[in-house]
Amino acid sequence: MNTVRVQFSWTCVHGPRIKSGVTRFLPTFLKTAALTLLALPAAASAQAPALVADKGDTAWMLTATVLVLLMILPGLALFYGGLVRTKNMLSVLSQVLGITAVAILVWVLWAYSLAFDAGSKYLGGTSKLFLSGIKGDTLSATFSAGVGIPELVFVAFQMTFAAITAALVIGSIVERVKFSAVIAFTVLWLTIVYAPIAHMVWASDGLIFGWGALDFAGGTVVHINAGVAGLVGVFFAGKRIGFLKDAMPPHSLVSTLIGAGLLWVGWFGFNAGSNLEATGGAAIAMINTFVAPAAGVLAWMAAERLVSGKPSLLGGASGAVAGLVAITPAAGTSGVIGAIGLGVAAALVCYWFVGTVKHRLKLDDSLDVFGIHGIGGIIGSIGTGIVTAPVLGGFGKDGYSIASQTLIQAEAVAVAIAWSAVGSAICFAAVKYSLGLRVGSDAEREGLDISDHGERAYNF
Amino acid sequence: MNTVRVQFSWTCVHGPRIKSGVTRFLPTFLKTAALTLLALPAAASAQAPALVADKGDTAWMLTATVLVLLMILPGLALFYGGLVRTKNMLSVLSQVLGITAVAILVWVLWAYSLAFDAGSKYLGGTSKLFLSGIKGDTLSATFSAGVGIPELVFVAFQMTFAAITAALVIGSIVERVKFSAVIAFTVLWLTIVYAPIAHMVWASDGLIFGWGALDFAGGTVVHINAGVAGLVGVFFAGKRIGFLKDAMPPHSLVSTLIGAGLLWVGWFGFNAGSNLEATGGAAIAMINTFVAPAAGVLAWMAAERLVSGKPSLLGGASGAVAGLVAITPAAGTSGVIGAIGLGVAAALVCYWFVGTVKHRLKLDDSLDVFGIHGIGGIIGSIGTGIVTAPVLGGFGKDGYSIASQTLIQAEAVAVAIAWSAVGSAICFAAVKYSLGLRVGSDAEREGLDISDHGERAYNF
Amino acid sequence: MNTVRVQFSWTCVHGPRIKSGVTRFLPTFLKTAALTLLALPAAASAQAPALVADKGDTAWMLTATVLVLLMILPGLALFYGGLVRTKNMLSVLSQVLGITAVAILVWVLWAYSLAFDAGSKYLGGTSKLFLSGIKGDTLSATFSAGVGIPELVFVAFQMTFAAITAALVIGSIVERVKFSAVIAFTVLWLTIVYAPIAHMVWASDGLIFGWGALDFAGGTVVHINAGVAGLVGVFFAGKRIGFLKDAMPPHSLVSTLIGAGLLWVGWFGFNAGSNLEATGGAAIAMINTFVAPAAGVLAWMAAERLVSGKPSLLGGASGAVAGLVAITPAAGTSGVIGAIGLGVAAALVCYWFVGTVKHRLKLDDSLDVFGIHGIGGIIGSIGTGIVTAPVLGGFGKDGYSIASQTLIQAEAVAVAIAWSAVGSAICFAAVKYSLGLRVGSDAEREGLDISDHGERAYNF
Amino acid sequence: MKLIIAIIKPYKLDEVRDALSAVGVQGMTVSEVRGFGRQKGQTEIYRGAEYTTSLIPKVRLEIAVPEGLAPTVLETIQHTAQTGTIGDGKLFVLDLEQAVRIRTGETDDSAL
Amino acid sequence: MKLIIAIIKPYKLDEVRDALSAVGVQGMTVSEVRGFGRQKGQTEIYRGAEYTTSLIPKVRLEIAVPEGLAPTVLETIQHTAQTGTIGDGKLFVLDLEQAVRIRTGETDDSAL
Amino acid sequence: MKLIIAIIKPYKLDEVRDALSAVGVQGMTVSEVRGFGRQKGQTEIYRGAEYTTSLIPKVRLEIAVPEGLAPTVLETIQHTAQTGTIGDGKLFVLDLEQAVRIRTGETDDSAL
Ligand SMILES: Nc1ncnc2c1ncn2[C@@H]1O[C@H](COP(=O)(O)OP(=O)(O)O)[C@@H](O)[C@H]1O
Ligand SMILES: Nc1ncnc2c1ncn2[C@@H]1O[C@H](COP(=O)(O)OP(=O)(O)O)[C@@H](O)[C@H]1O
Ligand SMILES: Nc1ncnc2c1ncn2[C@@H]1O[C@H](COP(=O)(O)OP(=O)(O)O)[C@@H](O)[C@H]1O
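Line order of the protein sequences matches chains P, R, F, B, C and W.
Heads up: the first sequence is residues 1 to 460, going by the working numbering.
Heads up: the second sequence is residues 1001 to 1460, going by the working numbering.
Heads up: the third sequence is residues 2001 to 2460, going by the working numbering.
Heads up: the fourth sequence is residues 3001 to 3112, going by the working numbering.
Heads up: the fifth sequence is residues 4001 to 4112, going by the working numbering.
Heads up: the sixth sequence is residues 5001 to 5112, going by the working numbering.
Hints in this document: simulated from the structure, not taken from any laboratory.
Note that beta-carbon positions come from the ideal geometry of N, C-alpha and C, so glycine has one too.
Accuracy of the hints is not assured; some may be wrong.
Here are some, though not all, of the chain F residues that point toward chain W, as calculated from beta-carbon distances under 10 angstroms [stated by the list, open to error]:
| id | residue |
| --- | --- |
| 1 | A2247 |
| 2 | G2315 |
| 3 | G2355 |
With the hints as extra help, turn the sequences into a complete structure.
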């Protein structure tokens, strides 16, 4: 039976850095994880216990995977689509659909191998190109010794992460970039940005994983990465015609709310699924994924109430997303009070950024990819170092040091930002100077639905 | 390992009231439940067998919890939102979102403890405030001896029940009440109405549980409770300007249908999830949750066909919800024929109520919370006494007495109505005479989207 | 404990036709299936090992069932509804809702028994009318020896298949047929077309199952069947007034995209659920259900780009559905490369059919039921014979013969087409000459929303 | 004949229609428009970006009336549609040369 | 020049437009309106509450034509839009003083 | 007084409104219309079925102005709305007999 070893990095804090006596104070489910990991770096796959799959885990991971797809289609498509003007609605939906399709194929053809096959510190290997050698009974390791899940489920679960991350990016450059450019960008970006960062953070031989950084469900890999790429995209694509001059209110906040709801619903697949098993660890991730966005909703709306007098639906939805983004890296290790804190912090800072800073900078990050995923991801990733502390109700080990863990977190964030910035710039430049990024200005005025797709969203 | 004992009341009918010889005739899964319960009141936790969690159960309960959130966001938000006028669409969506957020926080901070911690007959204790002491490996008992699920999953599952119940209430008073009033009301109401009723009905030391009333998934706790609270709300909030004078057709039955579909889909989490295990008991609940609403759809549409000549989509959707409401308390114990009967009965009576009685009473229960959830809940809760009977294909024990069980059901209904009515009146009064309930009449005419939230739902 | 034996036909290829020595080369999960089946035809239920249910399987099958309902409501309803003109939106939603409701009741009352009870080669028996004798602990066999799932879950899972198939049919005749006609048709059609075909293909004593045809999740039973019935429907119902003269653009591609997304999401329940267990077999089905539609999206959009210059959202969504349809029968046995091939092939042929052939034939298959489900289903069902081959990365046994399996597939397709065509013609004729199929021409011009249901979809 | 164009507040529509029926107007044509004028629009804020719509939803009535009925109609609308707050709207009167009822071909006063 | 306003049944739009093209009309402006008149609206029932809309969807055409073309246009529309059932609509003719083509600045007849 | 009807391209609306404010126009009424004219519409293709909409989204302005202001208004719109490409739109001028401000009952020039 083939087995692969993939470990999410958050457990690594219990890895080489901790003495085994310490594990006595950990809750059982963390103990198992810790013990596995203590054994890991030294023993490698040779000594690894034979993996056995539990159908309960498989059932949950199948479900979690489906939930992440729900986040993208129709979730993110609607969330984003509702925020643009009517004339660009279909272009957003098409781009999200097209990116998802292309990401799925890139993933099975090469990106999974580059991200999760054993390789260097920066990139995986090539032995799993085209998923070769992976059968129905090939298992991937989970956090618990001897427990595996079918590798194809792991492939599919991670595939949805790659797809949503790529789809998130374009939120900053909608209403002006070409469909073809977006598709080409996705192929490049998943290859030279996403796969390496996923490898560094989540593969057991990855650089950042080796540092012991915590990233339960993708604070760096997904959110910071997408946010930074989006920001870079704005520099390459430029502002929309009429930015800060014409009114560009969201054409359907109803779509946006449907999308926000589906994002929240699907995020349980994202976060609780990242536990890889149907255990109390998933339950911790689940409860945190309820409270952080709830706190985000209320914090953002409260801030609006104070600042502009009226709490808005878009504010509430934005607060939910900010809370979800922030709790993502901490979902498995934070306590509920910490999660509330993260949700509030992320909502307030993001509100300040997208409501004030962004306009001052005249930054046309159209749907606030950087403002919410980037900023929220940074707050969450660094905050994970804090909320994991047992004194704050977190599920870190005894003797957990906020200072040292937070430093590691900050280093991880720095690497993710740098890699994403440079890599994304390369990808955007490549597309810009080959296919071109933007549609013509007449086409932009007319709307991308007609000019790029020859369709109209509504014919009431 | 911490364990908590929470038993849903429907099994109690096999508790102290039955002689153990009788259990020989029960299907296995009920036997186990019955035996557990026989042991319960006397033995308490001291003698309870150590609980073990099965990953299959955990997988199902994680999923079920996600499904109930789907019912609320975007489900209920769209179902309700589609029924109001365009100018109030966002206010409905915002209120559902805000209530959900606040309910989640109230639940983890104090309401879970008040509902499910051991306490008095009327209210739980305070040892679980802030979920203190609940870790990833803390288990809650299910209906089967020795089988537990992670308590945090139970907390999350029940949290979604609290949230949807609070959100249901406001259907009767939309298009006129303030966002802030709704939020304040939710905090109070979950505390003094929802938590006590949940405790009375579902906690093993609760009053109504002790009587042996059957409420599998929330006929009294959720539907009667929300319906009555909604009715009380109408008295405090008053009618909408223009009620029975201006045309107020639903602004988007498409939204309403999306919502109805998601409610049905999510209701499987609600009902089959209330089995707490992935067993044949969940399968019974699932099949009933298919047939009762299906019967409701057809019964309501048939009634419309006879009365006004045309079966309508809104009628079909309303029939589905009425059927879902009615089967909720009986989902685990009814046979399919009984479920069909309940679905038909609920649809017909609710149709008559909202189509005829309500207008005669000049009652502005705007979205028919009382008319469908209240009335449907009463029919379901009392009908549970009937359809559980084995002679009607139900899964009650041999020697099951329709008369005596139905009497118990009626008593439970009476208590739920009384408590909800009085408690809700207190909450509404408190809000009305502090913050005020209604927006000004100009604001109401202009629509709450602009006046309360400063946004517009659609900018096509 | 009652047990029933239901086997999906794809495993049958490993049945009587293979020598037991061959099983040594199969992946474990297929081995088990193969061994079970080797024993089956001879030994029958007498010798069958006692079935035991695993909670992980039950959890997954509960989830899968819910996912298929999500495909119908709101999935298919929105997908179809978005494609019609505003004035017929509610009629489509109502028809999908009504069909679903009626299908559920027909299924539990008689169609499940006719499809899955032991009977003749063409039709099941009557011992399970009204689901009689099926309790919470009655189990159905899966593909693995000794592994069962609660039969009520199997009933529910299969019920959703019947419902969606019936709902698919009406896509060809929307905007002109009466609600009452659609309901009556559904009752007849499920009885004399769907139940027999399901029995022939999936029941262990069915004709086509006996041939060893592969149909993992319903290529023949669902898609070819619905497509052919839709085509027959066009002949009976006739064209819409104004067909090929008036512009009839989709009124809301946003609805269609939401529907397409939910179809894709729910299809994992459909395909991976058809594995009946939470194992690597479900993982194979899942990964294929990602890549085939992804390939379909890109192939259809690429074809549009070449032919008309612009890749469209509707094209992408159509490609996704074509890919999903085509992979359905092959989901459990195809490798990812084969799945990509099937997705591309289906998308291109369907594109050519609906974009060119259909207009030449002046065929008013309004929403392309035949063009996508019929054609895509035929490609998938026959293609299954090819992509299952191990040389192409498929999971067929060693010594697998593409030629002979493809021949069997073609025969199965031929029978499905013939039965569906004749049976559907009988059903449509019966309805046409009793109730009548079409609304009056004024009613059609005014739109069915008002004329048939007395409602309006949007009152913005 | 006169063609009277009235721009009014949307929620006054039902009232105005009823009042006009009462004075003998048998038909009118209504459209949704947006008005720009003294009345200031609401400020909407979306994620911190402020939009002040100077274009406010109004309803536009187009009413063809026989010469003699025009003054009554004007007065009726002015009365009914008035709330006394800014943005109540305008009445415009044009000369109508000819009117035809499509169904019957009747013309002028008898077409209205 | 004349400005002809035609209120017709929505599904007649395509036919009328084609017929007008045929008689030499080169442009028109179309809007969706709701008409109040002799034609009674449908009764819609939502959960038992009845709403009778007296406002029925119509299409409004605005066609500027040279003096000489006006009679033909009127006749063409009357012919094509007629179904003989109540609610077929109206034709109104106003005097048009001036017309300008924005693109070129051409005026009057040559602007149409 | 004159009633000026301007049919312009939708994205020119803001510019035109600002320009008119600048020359002293205090109000106008805007509606969304679809125009038929020399400008050809886009071809939309849905699953292979081609639809060429000859009806193109335009914005219609209705502006009542005192006699004296009319020429300035016409010129301003013509200037601002012009892009030089086909489909820029039209200006129509009608004679306006009477105007009333509903709120105050003021009439004619002072009502505008
Ligand atoms: N000169 C004008 N031409 C056409 N319509 C006008 C004109 N002035 C105002 N209107 C219309 O009348 C409405 C009300 O005008 P406004 O100036 O806001 O209030 P009031 O009439 O109470 O002074 C405007 O929204 C606009 O639709
Ligand atoms: N006096 C009027 N002024 C303006 N529009 C009118 C008038 N009378 C009727 N209309 C328009 O003409 C349409 C048709 O009129 P109606 O009285 O229903 O039928 P018919 O013209 O066949 O008698 C109405 O819906 C309305 O839009
Ligand atoms: N005769 C007409 N009557 C009314 N509106 C017209 C007429 N001709 C053109 N229009 C309007 O003017 C718009 C622009 O006209 P078009 O012929 O396309 O371009 P251009 O004015 O540049 O020649 C049309 O879309 C239509 O709304």
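Okay, the hints, checked on the actual structure:
A cut of 10 angstroms between beta carbons decides the hint on A2247 of chain F: the least distance to chain W is about 4 angstroms, and the hint holds. Restraint check, G2315 of chain F versus chain W: the minimum CB separation of about 7 angstroms is within 10 angstroms; hint holds. Annotation: interface hint on G2355 of chain F holds; nearest CB of chain W at approximately 3 angstroms, less than 10 angstroms.
Checked against the numbered hints given earlier, this structure breaks none of them.
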